[in-house]
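Protein chains: 4
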Amino acid sequence: MTSKGRVKVGIIGSQFEADIQAASFGMIPDEAEVVAIASPTPGNAQKLADKYGIARVFTDYRKMLAEKDIEMVTIAAPNSLHAQMTVDIANAGKHVVCEKPLCMTLEEADLMIETCRQKGVLLMYAEELFFTPKYVKAKEMADQGAFGKLYMVKQAEKHFGPHASWFWDVDKSGGGVFMDMGCHGIAFCYWFLGRPKIKNVFCQMGIYAHADKTKGEDNSICIIEFENNAVGLVEDSWARRGGMEDRIEVYGDGGVTYADLHMGNALPTYSEYGYGYAVEKAPTTKGWTWPVFEELWNYGFPQEMRHFARCVRGKEEPQATGEDGRIVQEVLYAGYHSARTGQKVELPYRPKGVRVPIDLWLKGEPTG
Amino acid sequence: MTSKGRVKVGIIGSQFEADIQAASFGMIPDEAEVVAIASPTPGNAQKLADKYGIARVFTDYRKMLAEKDIEMVTIAAPNSLHAQMTVDIANAGKHVVCEKPLCMTLEEADLMIETCRQKGVLLMYAEELFFTPKYVKAKEMADQGAFGKLYMVKQAEKHFGPHASWFWDVDKSGGGVFMDMGCHGIAFCYWFLGRPKIKNVFCQMGIYAHADKTKGEDNSICIIEFENNAVGLVEDSWARRGGMEDRIEVYGDGGVTYADLHMGNALPTYSEYGYGYAVEKAPTTKGWTWPVFEELWNYGFPQEMRHFARCVRGKEEPQATGEDGRIVQEVLYAGYHSARTGQKVELPYRPKGVRVPIDLWLKGEPTG
Amino acid sequence: MTSKGRVKVGIIGSQFEADIQAASFGMIPDEAEVVAIASPTPGNAQKLADKYGIARVFTDYRKMLAEKDIEMVTIAAPNSLHAQMTVDIANAGKHVVCEKPLCMTLEEADLMIETCRQKGVLLMYAEELFFTPKYVKAKEMADQGAFGKLYMVKQAEKHFGPHASWFWDVDKSGGGVFMDMGCHGIAFCYWFLGRPKIKNVFCQMGIYAHADKTKGEDNSICIIEFENNAVGLVEDSWARRGGMEDRIEVYGDGGVTYADLHMGNALPTYSEYGYGYAVEKAPTTKGWTWPVFEELWNYGFPQEMRHFARCVRGKEEPQATGEDGRIVQEVLYAGYHSARTGQKVELPYRPKGVRVPIDLWLKGEPTG
Amino acid sequence: MTSKGRVKVGIIGSQFEADIQAASFGMIPDEAEVVAIASPTPGNAQKLADKYGIARVFTDYRKMLAEKDIEMVTIAAPNSLHAQMTVDIANAGKHVVCEKPLCMTLEEADLMIETCRQKGVLLMYAEELFFTPKYVKAKEMADQGAFGKLYMVKQAEKHFGPHASWFWDVDKSGGGVFMDMGCHGIAFCYWFLGRPKIKNVFCQMGIYAHADKTKGEDNSICIIEFENNAVGLVEDSWARRGGMEDRIEVYGDGGVTYADLHMGNALPTYSEYGYGYAVEKAPTTKGWTWPVFEELWNYGFPQEMRHFARCVRGKEEPQATGEDGRIVQEVLYAGYHSARTGQKVELPYRPKGVRVPIDLWLKGEPTG
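First to last, the sequence lines map onto chains S, F, L and G.
Sequential numbering of the first sequence, starting at 0, is according to numbering that gives the first Met the number 0.
Sequential numbering of the second sequence, starting at 0, is according to numbering that gives the first Met the number 0.
Sequential numbering of the third sequence, starting at 0, is according to numbering that gives the first Met the number 0.
Sequential numbering of the fourth sequence, starting at 0, is according to numbering that gives the first Met the number 0.
Any given hint could turn out to be false.
Said to hold, decoys possible - Which chain F residues face chain S? A few, computed with CB under 7 Å, are given here:
id	residue
1	GLN203
2	ILE222
3	ARG239
4	GLY241
5	GLY254
6	ARG339
7	GLY341
8	GLN342
In short, the hints are calculated from the structure, not lab data.
Each residue gets a CB set at the ideal place from its N, CA and C atoms; glycine is no exception.
Can you make the complete structure from the sequences, with help from the hints?
See below:
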C-alpha cells in the first residue's frame, strides 16, 4: 500500500449507490481510481465493472479485502450489512467510506467507530449534502454573517419511493423514509448550524401511499431543537409525485436564503417526443419536465469522494465521520420513539437492545 | 334596514386591517358600501374616512351601532375586544364580520356564536385564505381529484413583525405569531381538507428575533393530525427578513401543487431609485424587490367581503363562520399547550379559565 | 337609450373571444350587462346565450343593431369583418368595442375612426394588455421612475396556434401570428413608453411548424425604434409548444423588471390523474403543468370591459382607441413589408391599395 | 516540451479574464498547470502570480514565449492585441488559446489561422458557452430530438458594463457590447444549431446608459438567419442593472427549453448585513440578491480549459477553433454594418480594410 498517487478504491455493492460512487470516482481521476468491485450477484457486479472499466470483480467482498493494493473501501450495501462490513474492512487495514445511514443500531455505531479507531483506519460517513455546492454556498454566506443569528434550518428530500427493493423491507433498511432520507436532513441541520448539541427530537410520520408494499413510513416531519436555541425542520417523503425534490431554507434574524437542487436549478422543458434523461426518479421525459444538468456534481458526490480520497492521503481532515453518523443514528432512534409517543424525546437517548430503529415506532422501546 | 341594494357596512377600527377592509369594500361597489367607521382615536378614524369617502365617523362604536341603516359591522380591533364587540353588534341586530383570530378564549367563542344565534344575525369569520384566488385554484384541482388522496397540506406565513404595537402585548393579542398568523394556517388546512375532525396538535415555538419587544413567540411550527389521516404543517414567523411570504404546498398520493403569493406571483424587479410600493412589509423598494400587483385581490380580501355582503342578502351561504373560528381557537389552545409540554395534545381540548391562549405555553394550564 | 344604470351590451360573435367577453361582462354586473348576441351560426349563438343567460339571440347582427336599448356593441368576429361591422354599429348610433387587430387595412381604419367620429359614438379598441394588472404594475413602477430612462421594452406571446380555423386563412385574418398577436406587443410597447412617435420597424418571420395549414407566418420577431430613443422588441409564435406564454421585460438605465403571466404566476403542479382546466391552450392537465388561477382577471379582460362601460357612461376617458389600433395597423404593414425587404421601414408608412397586410410580405407593395 | 503529464501553461494578462483562467486551471490539476504569467504592468502580474502560486512572472510576453517547457499560451489581453500575440505564440511553437472575440478584423483572423496552421500548433477559441454545463444539457436534449426541428435559438448576456477600462475605448475593444458579448451569442447559436451556414444578419444597437464614457453601443439586438431555416436571436447589454444575466431559450416544433445561469440557478437570498460574494458584477450583497454557487464551474471555464489541455495532449479534438472565431468575426462585421444601414446583411460579408468592426456602424464601409 503506497502513500502516494491515486488512492486505490474497492466498492462493495453494484446497484444505485455503487453506480453513483463509481461515476463520481471517474470524475476525480487525479485523486482516486476504482480497482475492484464486490457484489454477491455476479452479473450485477460485472455489469458495473464493465460500465466503468473496473478490472477486478468479486462475489465475496472478503476476498476483495485481501487485495493488498486497495486502500479504501466504500460500502454501498443494505443498511443491515454496514456494521459487519466496516469491521471486516477495518480489520483488513483499509479505510472505510460508509453510505448513509451509518448502520442499524447505536451498538453497531459504537463498534464501527471503535474498531476503526483501534485499527488506525478512517471511518468516513458518506453524507454528500456536506459537499453539495449549492448548499455549501448557503453555509458560506451564513458563516460570513449574512443572516445574523440562525434560528431555523430546513431540509426536505422527497420522491415517490426508493430504487432498490430492500428498502421496502424494514428488517434490511431499519426503517422507511425517515431512516433512508431523514438521515440526510438530520446531518444537514447539525452540520449547517456548526454541530451544536441536540436537545430533543419530535417526529410525525405515517404510511400514506405505499401501505401495500411496506411497513415503513413513507412521509415524515421531524423537528430538532438544538442547544444554541436553533431549530431544524426535516421533511422527507416517498409519497411525493413528480420526480425528485431536495431543498433547504435557512432563517436568521438578519436574513434568509433558499436553495433548491431541482426546480431551482433545472431547465424548464417541454418535449413532445422525450429525451434521454431528466433527473433521478423522474416519471417521464415527455410533456413538461425539470431536467437537471450534471446531476452528480450538483449533489456533490464527486466532491465528496475527492475529499475522502484526500483524507486518505492526509491532505484534508475528514469532514464527515462515524461520529456524525452516530449522532444521526441517535436522532433516528429519538425520532421513531417520538413518533410512537407523540412527545419530544430528550437527548441523549440511547436505549439498549434495539433491533432496528423503526421498531421504536412500530413496537416501542425494548422491554428487557 | 332594507333587504335590497348594497349592504351598508360599519367598520370598527382604523388601522391596517380596517384600511384593507375599507379598500376591499371599495372594490365591490355593487354589493356593499361602508357608511360609517368607529375608532376611539378621533384623528385616525377621520383619516381613514377621508381616504375612502366614508360619511360618518364615531369614537364610540356603540354609537355607531345605533345607526339604523347599518346592516353589517366588521371588527378590525385588537383580539381582546372581539368578543365584547361581537356581542354588542349582535345585540344591535346587525351582522358581524370578525377579523381573525376569532377571540381570546373558547368561552368567548361560545358566547359570540350563541349570542349571534339568538339574535338571528350572521357571525362571519374573516379568514381570507378561503377566498385567496390562487389557493382556491389549488383546492379546485384537489377537489377534482388531481392529487389523489391528500396526505399533507402546508401553509406558511412569514414576515418580520406586525404592523400595530398592540400585537407585541400578549395581553391584548393573546399570543405571538402563532396566534396572529398561525390561525390562518390552521384554518387553511382544515378548510382545504374538507373540515375533517382534528385528532391532535403539536407545536414548537420560540422567541428568536424580538425578545426585546415581546413575550410572544416569533416563530412557530405546528403539526396537526386529522381523522382522515392527513397532516397539516403550519409555519409562521415574525422573524423572517425580506418582506412578506405566504405560500402553500399540497401533497396527495397522486400529485402535488405549490402556490406562492409573493415570490411566485411577483415581478422580479431591480431599481436604483425606488418606487411607490412593493408589498406589505417590504423593507425597501430599492435594489432587488418582489413587488406584487393588486395585492388585496390576490389575497382575496374583496372576494371575501363580497361573499359576506352576499350572505347578508341571502345570496350565498357563509363559508367562514364563527364555528370555524372556534375550531381554530381550540387548535391555538392545543398548540400553545403542546409547545409547553412537548407533547401532542389530543382534541377535544377545552381547558376552562384560560386567560389568554399564550398562557398555556408561558404558564401552563389554569390550576383552579 | 338611458344614460344611467348598467350599460346594455350586444356581442357580435360566438366563439373564443365572444366567450371571453361574455364571461368578463359577467364579472362586472355593476357596470354592464350583455343583453343580446349575434352570430350567423344559430346553434353557436344560442349556446353562448344559454351559458351566460343572455336573453336575445340574432343570426344577423344588423337585426341586433335595431334593438333600441343596446348602447354598446362588441365585435368578436374575423378581422376581415371588423370595418363593415364598425360602420354599421356606428350608423346605428351605438358605441363600438372592436377586438384586435382593428381591421385589415389603413383605409378601413380611417373609415372606422371617421364614421364613429361623425356619428358621435366611441370607437374603443380592445387591447387588454393595457389593463393586465401585472403589466399595469410594471407601468406604474416605470412611471414612478423606478427604472430611470427606459431604453427597451419587450413583450412576447406564444402558443401552438389559434383557436378558430379562420385564423389559418390569411384572407380572413390578414396575416399569421404577427397580425394575430404581434398587434398586442406593438400596442403594449407603444402604450408602455407613453405613445411616442414610431421611427421605424424591422421584422423577421417565417413558417416553421404549420406550413401544412397556412400561408401565414407562425413565428415573428419585430423591432420598433421610437423617437424617444427607446426600442420595442416583440416576439410572437404559433409554433411554441407547452401551452400559453405571455410575458414582458422592461429595461431602463436605472433598473429592470420582468412579468410573466403564466410560469411566473402559476401553481407548479404535478397530477397523475388530471383535473379540470390548466390554462388556455395547455396540451394536457396530467404530468407537470402550469395552471393559472382567475385567468380572465389576470389578463385584464373584465377590467377592460369595465373601463369601456364606464367610458360609455362618461365616467372615464377611453384609454384604448381606434387611433391606437390604427397605429398598430401601420406597424403591422411596416413589419410585413420589412420582412419582405429585409430592411427597416420608416414611418409614416401608408401604402395604398393593400388587400391584406400579409400581402406586403408574400407579394410586396401593390404596384397599381 | 514533453508530450505527457500536465500541460504547462503560460497566461498573457493579469486582469479579470486572466484571473478566471488561472482559477480554472487550478481546478483541473490533473490536466494542466500554469507555470508563468506575463503582463506589462509588473505589480498586476505578480499579484495574480501570488494569488495562484505561479512561479514565473514576465512583463514582456515575448520573454515568456522563450520558456521551453511552456506548451500552451492563453491570451487574456485587449482584443486589439490578439492577432499579434497569436502570431508570436505560434512562431514560438506553442499552442494558442485566444479569448473571445478572436481579433479585430477578418484579415487578422485569416493571419492567425494560417500562421497556426503553418506552425503546426492549435488555435483554440475560448468560447466557454460551448462548455457551460447547463447549456450543454440543453444541447444534449436537442440532439436527442426532444424539441423536434429547431426553429429559433436565443441567447442573452447582460450587465451594467465591463470590468476593464479598455473596453470603453473602441479602438482597443473594436466595439461595444455587441463585440464584447454578442460574440458569445453568435457563437452559441451557431454551435447549438450544428454550425449551419449563415444566410444573413440584422442588428439594432444604440448607446443608452454610457454615452458619457464610450462611443460603443451598450445595448444590441441581433437576428441571424441560418441556411437550415432556423433563426438566432442574440441580445446583449451593458445597460442592464442588477447584476449579471446569461440565459438561453430553445424552440423547436416539438418542444422548448429555457436555461438561466443566474436567477435560474441562484439561491434567492436576503441579508441585512451582506456577505462575501454574490455574483459577477452584482451591485451589492445586502438586501435581496441572487448569489450563484461555483460560478466558474457553472459557466464552464474549468471544463473549457480541461478540454484545451486535453487537445494539446491529443486526447480530444478541438471543439472551439479559430474557424469558429472567424465566423463570429464575420457576423460581427455584418451586424455592425446592418446597424448602420438598417438592412439585413447577406453572408459572406468580407469588406477589406476595416480598421475596427464598430467603424462599420459609426462610419460605414471603408471606401478605399
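Structure-based check of each hint:
Against a cut-off of 7 Å between C-beta atoms, the interface hint on GLN203(F) holds, since the closest Cβ of chain S lies about 5 Å away. For ILE222(F), the interface hint holds, the least distance from its beta-carbon to any beta-carbon of chain S being 5 Å, beneath 7 Å. About 6 Å separates the beta-carbon of ARG239(F) from the nearest beta-carbon of chain S, less than 7 Å, and the hint is met. Contact between GLY241(F) and chain S, as hinted, is supported at the beta carbon level, the nearest pair being about 6 Å apart and thus within 7 Å.
Annotation: interface hint on GLY254(F) holds; nearest CB of chain S at approximately 5 Å, less than 7 Å. Taken as an interface hint, ARG339(F) does not check out: its beta carbon lies about 11 Å from the nearest beta carbon of chain S, beyond 7 Å. For GLY341(F), the interface hint holds, since its Cβ comes within 7 Å of a Cβ in chain S; the closest pair sits about 4 Å apart. Because the beta carbon of GLN342(F) sits about 4 Å from the nearest beta carbon in chain S, less than 7 Å, this interface hint is met.
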